[in-house]
Amino acid sequence: MSNSESIKRKVTPERIMLVTFLVVSAVFIIEPVIESYPDDARVFPQLTAAAVFIGSLLLLLQNYLPGPVRRFVAESVSITSSEDSEVVDQTETDQEQLEDTEPEAEEYKKDTLGAKYGFEVDETIFMVSTAVLYFVAGWAAGFLFVTPLYIAGYTLWFRVNPVVSVGLAVAGTAVIYLFMTYLVLPFDQGHLFDFSPLVPMLFDGAPILLRGGL
Amino acid sequence: MAVDAFFEGLSIATTPEMIMWLALGLLLGIVLGALPGIGSPVGMAIVLPLTLPLDATAAIILLVAIYSGAMFGGSIAAILINAPGTESAAATTLDGYPMSQNGLAKNALAIATTASALNGFLAAIALILLSPILIEVVLAFGSPEYFLLAILGISLITIVTQGSIVKGLVAGALGFMISTIGTAILSPRPRYTFGQFGLYEGIDFVAALIGMFAFAEMMKLAARKKISEGDVEIAGSVRDGITTVFKYPVTTLKSGLIGMGIGMVPGSGATTSTFVAYAEEARSSTKDGRFGDGDPRGVIAPEAANNPTVSGSLIPTLSFGIPGSGSTAVLLGGILMHGLQPGPVLFGEQLQITYALFISLFLGNILILLVGLTLIPYASKITELDTTLIIPMVIVLSYAGAYTLNQNWWDVGAVIALGILGFYMVRNNYSIIAFVLGIVLGPIAEENFFRSLQISGGDYTIFIDPINQPLSFLLSVAIFLILFGPFLKGRVERTLGRN
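Protein sequences, first through last, are from chains A and B.
Last residue of the first sequence: 194 (the numbering used here), numbering continuous.
Last residue of the second sequence: 1007 (the numbering used here), numbering continuous.
Simulated from the structure, these hints should not be mistaken for laboratory data.
Keep in mind that a hint or two might mislead.
Derived BS3-like pairs (lysine-lysine); straight-line CA-CA distance at most 27 Å [what the hints assert, rightly or not]: (1) -10(A) <-> 728(B); (2) -12(A) <-> 728(B); (3) 96(A) <-> 728(B).
Build out the structure end to end from the sequences listed, making use of the hints.
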């Protein structure tokens, strides 16, 4: 096995998550010392951060721990029985997870607009990326204007019937409009672009336009 | 006082407005529960911010109705397409789907409706009768006990989910840690805000719930195709299904008791109770059972256990603030969001709200029976929805709901960040219930932790003093035994075996 393959095997999502926990909990322990938090603001977060730090460190290093400690960290336990518990080798679990997920991904391949042009993206990655883009665009230009684009874009990518796609986009925008109207939320205003002057024309004027058209 | 509160609760629960919220919640719950991958925690988490304009009682009744409706709704997909809408309906697939394949889908759905509603109805009565005892127990608890209860809840969840105990504890402690972001509870000092004004109010626990349940669940759902691959034919007889439940009264009642009993244990929940009820029925019917091939008792047992689990799980949630499942964690979030305090307040000065909730549960089960039986011929329509249509709508509602809480973009960001975290936590067997419990209970635990230290003058032995704080001592012993008991037991057994 080459070095890069060995590193790739070791850098699993769980290990990345545990390292993140270690870094964040270390910040939670150090920050009150640097900023001189009073006792009543400091003790509880530091205690909980210490628990996260120690736990994450033990999980990260479980394969190198001595027998009894390793058993405590890795064993699956149950109130009723200790007989069927087992110590799991982290490397084996990681490998199993990799093997488990690959055929699953194959099984759930969806027909997408990208695939038609030879551009394939994992469904979960596509979902998260578009959700992040929707958040950023909503912050920049206001959810009211971005929502129809997001819904139509997402559904059309998965080759949903365009009529259904547009219908869903209209329904989603109506939900945002209701939030904006009844809960008085500034969903028509973005932090970078302000399209709010268009609202009376697009929404309040729509019934008038419809009546005129009829 | 309890009798007055009961009648006040009755008058609240029977107003047309409350019955409307109850019916709406049940319908919503049945539909959400029938959609595999959505289920009650996702539905409740999305609806939670929308309840902000409602008064506390209406909001809690709506949430409990969604929870109760989803318990029944989960069985629709389990029976028709072998894909449980909720985890609690997984046991129903074992005999429900074979019944459907044998041309008895209507019978199976009618059995599920009747058993679910009948036992939910009986469990709600039991809950009302049990409440005077609960009031006595709850009022005996003070600050040290409430802090220890939060730790006990996380410990129990860790052990009931049967994963690595350290993973469970890390998840719970991480939840506690994140709950400390923002202005400190006891002194007006901003913590871990790094100069960001938007973080002064901290990360709203409702946003965390939306992220952990709705966003993370959509990430899982993204990799799935249509919920139902083909046309589902609904054959059989509703009337025969109803009478089947009454042919097995022992199965029905026994499963109900199992459901309520397991529901009362913090950290367990309907997934455990339905499988235990199913296993017990299969064990006690070895002579004539055809379990796995479409035995109606295989549908009665889990369905008769699931709704009593809702009633059972309300006991630790309302009395001690310890939810037993994702749904009760969201419910607890709703209770706190509306300014209600589980424990002495809900069982003291606001006892009428608690009774209104119990009575709504009772009425809700009558509605489940009526709505459920009416819905049977149309049930398959729900399972034909495409996940591609569900995901963007849930994301839109999640963001709008999270922003509604405090008009804070950090809450929307938290939905994404915690959603991604939740997705990987579930994938690697970290308990998200323990994490969510940590976030929801963090402020309560911190407040009670400091109050206890103020009472003791900074002496930590207040949590383990057997003379002056016997209840705290017992809780500390229970936490120790839960966390280290299985290892000590194993060591003792090995030592004895060697000798």
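**OP:** Verify the proposed pairing of residue 96(A) with residue 728(B), using a straight-line Cα cut of 27 Å.
**Re:** 24 Å, holds
**OP:** Verify the proposed pairing of residue -12(A) with residue 728(B), using a straight-line Cα cut of 27 Å.
**Re:** 24 Å, holds
**OP:** Decide if the proposed pair is consistent with the structure: residue -10(A) and residue 728(B), CA atoms, cutoff 27 Å inclusive.
**Re:** Measuring from Cα to Cα gives roughly 24 Å; hence the hint holds.
Of the numbered hints stated above, none is contradicted by the structure.
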